[in-house]
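Trainee: Work out the full structure, taking the sequences as your base and the hints as a guide.
Chains as they are written, first to last, in our numbering: chain A, 1 to 113; chain B, 1 to 115.
It is possible that some hints are incorrect.
What the hints assert, rightly or not - Estimated spans, in silico, between C-beta atoms of each pair: (1) Arg-81/B x Asn-13/A: 45 to 53 Å; (2) Ile-74/A x Arg-15/B: 43 to 51 Å; (3) Lys-3/A x Leu-115/B: 22 to 30 Å; (4) Ser-25/A x Ser-5/B: 33 to 41 Å; (5) Thr-13/B x Asn-13/A: 37 to 45 Å; (6) Ser-5/B x Thr-79/A: 23 to 31 Å.
Hints in this document: simulated from the structure, not taken from any laboratory. C-beta: ideal position from N, C-alpha, C; glycine also.
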Amino acid sequence: DAKTTQPNSMESNEEEPVHLPCNHSTISGTDYIHWYRQLPSQGPEYVIHGLTSNVNNRMASLAIAEDRKSSTLILHRATLRDAAVYYCILPNAGGTSYGKLTFGQGTILTVHP
Amino acid sequence: DTGVSQNPRHKITKRGQNVTFRCDPISEHNRLYWYRQTLGQGPEFLTYFQNEAQLEKSRLLSDRFSAERPKGSFSTLEIQRTEQGDSAMYLCASSSVAGATDTQYFGPGTRLTVL
Numbered sequence: 001d002a003k004t005t006q007p008n009s010m011e012s013n014e015e016e017p018v019h020l021p022c023n024h025s026t027i028s029g030t031d032y033i034h035w036y037r038q039l040p041s042q043g044p045e046y047v048i049h050g051l052t053s054n055v056n057n058r059m060a061s062l063a064i065a066e067d068r069k070s071s072t073l074i075l076h077r078a079t080l081r082d083a084a085v086y087y088c089i090l091p092n093a094g095g096t097s098y099g100k101l102t103f104g105q106g107t108i109l110t111v112h113p
Numbered sequence: 001d002t003g004v005s006q007n008p009r010h011k012i013t014k015r016g017q018n019v020t021f022r023c024d025p026i027s028e029h030n031r032l033y034w035y036r037q038t039l040g041q042g043p044e045f046l047t048y049f050q051n052e053a054q055l056e057k058s059r060l061l062s063d064r065f066s067a068e069r070p071k072g073s074f075s076t077l078e079i080q081r082t083e084q085g086d087s088a089m090y091l092c093a094s095s096s097v098a099g100a101t102d103t104q105y106f107g108p109g110t111r112l113t114v115l
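Mentor: Here you go:
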């Protein structure tokens, strides 16, 4: 899998937007960018994914740089329940963008009331 | 759709004993993955199945580990002669391969403690 780099930790206040960055300078043209998060004592949870265009869903938005070497996960209004470890992953197996996920250290998001 | 389920949720065993975990994926998901997570680390890939075929195994999966997915439905992960280093959370995920990428849905995990 292409390598991703994320800050170790970030902090936010409740109801404020949060921008979680991810660098993936070695991304290939067919790599999808996936975000998962893991709440304390739970299995990872899918958040969002995209290829080139920005994406929105009920949980978050994903902003992808024009050169695709970086992306940003946006939580529009952080809640205490968003406190988790956020992982940016580029699945790649045999040239396809699905298969095993390689989790790095992720970004620990702390949300203050 | 009840999501991915795993049983048991917790298992405490003595070193040298065999243990078996079960994963029930989301129905009709053709891919099933096993991961292991130790404290403070992200999950690490162990193996995955597409239908009943085991397509990839990590080098982390020693000879003491074996996984099966008979009939392409549920899967079992067995660890023989457990060691203290096997203590971890074992996570299962399933997905449906349709299109250029897939989304994996994780179960709650089985926490193994080897005494």
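Trainee: So, for every hint listed, does it hold in this structure?
Mentor: So, going through the hints one by one against the coordinates:
1. Between Arg-81/B and Asn-13/A the beta carbon distance is about 50 Å. The supplied range of 45 to 53 Å therefore holds.
2. For the pair Ile-74/A and Arg-15/B, the beta carbons lie near 47 Å from each other, so the given range of 43 to 51 Å is met.
3. One distance hint, 22 to 30 Å for the beta-carbon pair Lys-3/A and Leu-115/B, is violated here, with the actual separation near 37 Å.
4. Look at Ser-25/A against Ser-5/B: about 39 Å separates their beta carbons, and that is inside 33 to 41 Å.
5. The given range of 37 to 45 Å is respected by Thr-13/B and Asn-13/A, whose C-beta atoms sit roughly 44 Å from each other.
6. Distance hint check for Ser-5/B and Thr-79/A: the Cβ-Cβ separation is about 27 Å, which falls inside the suggested range of 23 to 31 Å.
Violated hints amount to a single one, hint 3; each of the other numbered hints is respected by the structure.
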